[in-house]
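> Quick note, the sequences are listed as chains A and B, same order.
Position one of the first sequence corresponds to residue 1 (the numbering used here), numbered consecutively onward.
Position one of the second sequence corresponds to residue 1 (the numbering used here), numbered consecutively onward.
Think of the hints as simulated: they come from the structure by calculation, not from any bench.
There may be inaccurate statements among the hints.
[To be verified] Straight-line alpha carbon distances no greater than 27 Å define the calculated DSS-like cross-link-like pairs of lysine-lysine that follow:
#, chain 1, residue 1, chain 2, residue 2
1, B, K562, A, K147
2, B, K509, A, K147
3, A, K147, B, K504
4, A, K183, A, K45
5, B, K348, B, K275
6, B, K586, B, K509
7, B, K193, B, K348
8, B, K348, A, K183
[Stated by the list, open to error] Pairwise CB distance ranges (calculated):
#, chain 1, residue 1, chain 2, residue 2, range
9, A, A168, B, P30, 52 to 62 Å
10, A, L91, B, G96, 31 to 41 Å
11, B, E457, A, G172, 26 to 36 Å
We treat Cβ as the ideally placed atom computed from N, Cα and C, and that holds for glycine.
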Amino acid sequence: MKKRIATVSLAGCFGCHMSLLDIDERLLDLLELVEFDRSPLNDLKRFTGPCDIGLVEGGCCNEENVHTLHEFRANCDILVAVGQCAVMGGLPVMRNAIMHAEDPLRECLETAYLDSDYVLNPTNSIPNDPALPLLLDKVYTLADVVKVDYQIPGCPPSGETLWHTLDALIAGRQDRLPYELIKYD
Amino acid sequence: MAICERFGNDRTRLLDILLEVQAQFRFVGPSLMECIARQISTYRVEVEGMVSFYAFFSDTPRGQVVIRLCDDIIDRHAGTGEIARVFSRILGIGFGDTSPDGHFTLEYTPCIGMSDQAPAALLNERVVTCLTPERAEEIALGLMGGLNPGELELPEGDGNNLNPLIGSTVRNNIRLRGEVLLGEVPADAGLRKTLRRPPDQVMEDVERAGLLGLGGAGFPTGHKWRMAADTPAERRIVICNADEGEPGTFKDRVLLTERADLMIEGMTIAAYAIKADGGIIYLRGEYAYLRNYLEAVLQRRRDQGLLGAGADRLGGFDIRIQMGAGAYICGEESALISSCEGLRGEPKNRPPYPVESGYLGYPTIVGNVETFCCAARILDRGAAWFRSWGTKASPGTKLLSVSGDCERPGVYELPFGVSVRELLDLAGAPDAAAVQVGGASGQMINMSQFDRRICQEDLPTGGSVMVFSARRNILEIVEYFLDFFIEESCGYCTPCRVGNVFLKQRIGKIRQGLCQPEDLDYLRELGRTVAETSRCGLGHTSPNPVLSSIANFPLVYAALLKENRNGREASFNIQSALEESRHLAKRRSMIYDPTYDGD
Ligand SMILES: Cc1cc2nc3c(=O)[nH]c(=O)nc-3n(C[C@H](O)[C@H](O)[C@H](O)COP(=O)(O)O)c2cc1C
Ligand code: SF4
Ligand code: SF4
Ligand code: FES
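One chain only, chain A, in its complex shape:
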């Protein structure tokens, strides 16, 4: 039976998904072995059933991220945090540096939308459409919120790294990434 895979980008930049495309013609091999369930790659927005593997890019910065992550945890046997944002928070987590301020979230929004020298905001308002998910008090890594089975470092992890990961998971191998793939300097 083909393994069922779901993927999602939470507070990420889609770079990790782009990197998956870097496995080039091996995509065809991959499709022989797996079937994609919920994923931006096929634009499926809901789970159609339980999955073997969930790949999650990005950490959690708002309530929708948490909700989606809970769905992934509930539906995927193996949950993989892919990339720096999912593992450690990445760029978005920089907003946690102002956590020590009096009113950190307000300060963060005001800097981003009103006060910064580089902002052009004629209405001088902070976006607050009811359809916008509420922000969390700070950015959380995936492992802060749910149990994570594997963490894949890199920003983004190279196509080679992702291929190595998927290859092992699909074959059901307990594996470690070879040194060359996680050495960055």
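Assemble chain B with the ligands onto chain A, guided by the hints.
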């Protein structure tokens, strides 16, 4: 600036310069930094780096009297909390604050080497011990009434603490005298015999005695001397490590008080053996009350022709005292050397080892106070005599500093190989449930392990033995030790600077009941990583309390861990994570507020 001139405007004496500037001006602000830097021809940032590194320096004015209350785990158990409230109430300031009139600063400090008479505090250089709320109140009222710390009426200490040059309220609490160190010791008998023999034979005696360093690491002393002697150099240096910063250790305090001559004799013998002409005693800032006495002993020995220009058989070997400034890491030998050189107390890369290139680049041996005392005894009585105590790999006796939940805390001189149980019996600790052997960086053992032996082969210790009864919370103790390491890490390398914080966070979560059994794997793995990848001994040993308590107190952990069935982290609370946002956006969550049904 006269202070800089007194030290010859010497960049390498920056620590001494700053100690005096801090004492005189009560702070080292930006303009003082600028001025010092110009005078000793260095950069302001170098001076600022020193001020920010050492706990005793401050870039904002501190009070005329700085009160440092020991907040270590032993003192907490002995009632620091209540003492703190008394000081705070009467002086009208919180901890970390200086009173607006500039009279008082109130601070917490880790172990000040008085764990056998806890709770203890420093009032500038004066030590006060065995604090009760009543005594704390008397002291605080006395200080408020305008008395100097030196003028306060305090109970007398014992032994040489009564010497007018020490004049301290500290008690030695010597509970058991062995024959090597705390029994009768004839003056300079070892040195006299040394001077009759060639240096090589002196080193041979120390090697044959099998003396291991007694400061914690247990490196063979004779071998260390030999390596320094074998390195060609114009000068060599002997340093005595009297930094005694490991929480729960106070045996060097007793040796410095009662056996100062023996220690200096040992240093002199070492200098003769390796042909060193310079000596330094690195005395922790908390023991400043012993400085005048030690200076007087050094001076008397110069007058006797045993040190300095008059000591021609010793190539003019002389010793200076280097005061520390409140940094545990400066007990690590290469950090200690940095500190003596007027640098931040950061460990150095090895190799080269200090025996090859140490203080100012000269071959240097760093030895513990007790080690030098033992060396002097070995040269008097011989290697075989020394080996008649202890075990094969750990010959001799060891001074053990016992503190915590026991009837007779204090110093015990016992042969290596003594079991923890024998020690507990002597100290009167029938309800001991856990013993931390080796200080914060040591091992925590349980009752079934009390037959283990204190020696290199089994349980090594620099001297600290902390006893905890069943009333104590093991994880509170572990968490405290991590706090200690987080505070004292020099911050140079990431595994130690960051890893210890992560260890502490996870222990904190476990204590709140928010963790699962897998979190122990995380702690073990992270602990191993910190130990293996850190740069110096601090990081190599800081995970020990975590790792040993997991191994030896599994039920304490098991009681707090819950299996996680739905894969969600119990410590993550979506409601509180959204609170601020709801308030700012002035709306409710479409997903997580009650109207939402199911996920
Ligand atoms: C963080 C740290 C703190 C230390 N503190 C002390 C100390 O206070 N006193 C001491 O003698 N050795 C201390 N040591 C051990 C010294 O690095 C060194 O091994 C010792 O002074 C050598 O003397 P010895 O061979 O006579 O024991 C410490 C080591 C580390 C890693
Ligand atoms: S890890 Fe890097 S590539 Fe991946 S989502 Fe984050 S920022 Fe983008
Ligand atoms: S292990 Fe800790 S104390 Fe040692 S060098 Fe690294 S950061 Fe500094
Ligand atoms: S003086 Fe407080 S624990 Fe040592």
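> Could you work out which of the previously given hints the structure breaks and list their numbers from low to high?
4, 6, 7, 11
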